[in-house]
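Given these sequences and hints, build the entire structure.
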Amino acid sequence: MSAPGLQALATDEARLLRVLDRTFEGWGVDGGAESMMMPVLLPVADLARLDFYDNFPHQAMLAVQLDLQKWDSRPTTGVQSFDPSVLEPALLGLPSAACFAVYLSMQGERLTDNIRVTVLGNCFRREERYEGLRRLLSFRMREIVALGDKEHVDAHLAEYGNRISAFLTALGLPFEIQAATDPFYDRGGQRALLQKLSPVKQEFIVEDLAIASMNIHRNFFGERCDIRSATTNSPVFTGCVAFGLERWLSVLYSHFGDWASAAAMVEKAALASFGKGI
Amino acid sequence: MSDNVAQIKQWIIGRNKEIQDIAPDQDLIDSRLVDSLSFVELLILIQQLSGKTIDQSDLDIESFRTLDAIDNRYFAVTTVG
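So the protein lines, in turn, are chains H and L. Following the working numbering, the numbering of the first sequence begins with 408 at its first residue and continues without gaps. Following the working numbering, the numbering of the second sequence begins with 1497 at its first residue and continues without gaps.
Quick caveat, the hints were computed from the structure, so don't treat them as lab data. A few of these clues could be false.
[As the list claims (entries may be wrong)] Ranges between beta-carbon positions, derived for each pair:
hint, chain 1, residue 1, chain 2, residue 2, range
1, H, ALA637, L, ALA1519, 17 to 27 Å
2, H, LEU600, L, ALA1519, 20 to 30 Å
3, H, VAL471, L, THR1549, 47 to 57 Å
4, H, GLN514, L, THR1549, 39 to 49 Å
Using N, Cα and C, we set each Cβ at its ideal position, and we do this for glycine too.
See below:
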C-alpha cells in the first residue's frame, strides 16, 4: 500500500490508538453517552441534505460500484484505475467526520431528555497534500456528541473541554485552545465573518496540529434531520467534541520519543482521568 | 420597534419560511434565523436602512443577536441636550 494519505498502523501504534480510543469512549460513557457504531458509508442523498457537498466538496470522497454491463468483457489484470465510463452513479459517500452518521441515524426522533452519543468513525478527507500521521486521507475520529437543549450542549463542551485540558496537562503536552473556522469551500468568503465574531469551533493545538476540537452546530442538524424535543417540539441543538486519533499518535510519539514511553504515559494519564466525574 | 427594524424582521421571516413571527428578544444567531451565509446580507440591509457605515473590522456580535439589540445599536433615536 503506497498511496499518499493511506497508512497502516504497526502493533505499537495500533495498541496506543486503541488505548486512546477506549479512554475517550469511556469519558463519553461516564457522561451517560450511548456508545454506538455506525456504517462507514453514507448515502450521498443524506449527506447532501446536510449541505455536505455545498460546504465541503473539496474534501468529498465517493464510493462507487462497477457497472458490470460495461465492465464485463474487459481484462482485469494490471488495473490502476477505473474509467468513469465503467462506473455506476455514485450513490454512497465516505464521511469526513464521525457525527454525520449519528444525526442521520436519529432522523425523525423525538427526544424526551438531553442525551449524549459516542462513536468511532472511519473518516476520509481529500487533501491537497498528506503528511505522515498528521494529515491522512483515511483516519479515525472518536466523537462524543450532545443532543438536546442549548444549555446541555454548552455544558457538554465546557465539561469535555476541561477534561481534554486536564488530560493533556497530565501528559505534559503543551497545548493551546484556538478558535477556528471549519474549512468550508466558500466561494464568497462570507461565512468567515460570523464565524469570527461568534466562533463555533475551538481546537486543541499541539505542535501546530489540531488534535481535538469542540464544535457547536446550533440547531442545524436537529432541523435538517428532524430531531426534536418531545416537550417543546423544537429542533434539538447539537455539539460535539472530536478526537483525531492518528494525530494524537503523531504528537505523542514526537513528544515521548518512542511508542512504549508514550503508551505508558497515556495509560497512566487515562487511569487518572476516570473517577473524577465530569 | 421602529419601521426599519420591522423591515429587518420581515426580511428575516422571508428567508425562514417556517416561522411567522420573531420575538424582539429572540436570539437570531443561536436560533440560526440568521446564519453565516445571510449575516453579511443582514449587515448590508442594516447599513442601507440606517444610513450608517458598518465597519466589519470593528463588530460586536451582541449588537446583532436580537431585533432589540439591532434597534438599540443602529436605529435608536439620539436626543441631544
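How the hints compare with the structure:
no.: 1; hint: H:ALA637 with L:ALA1519: 17 to 27 Å; in the structure: holds, 23 Å
no.: 2; hint: H:LEU600 with L:ALA1519: 20 to 30 Å; in the structure: holds, 25 Å
no.: 3; hint: H:VAL471 with L:THR1549: 47 to 57 Å; in the structure: holds, 51 Å
no.: 4; hint: H:GLN514 with L:THR1549: 39 to 49 Å; in the structure: holds, 45 Å
In this structure, none of the earlier numbered hints is contradicted; all agree with it.
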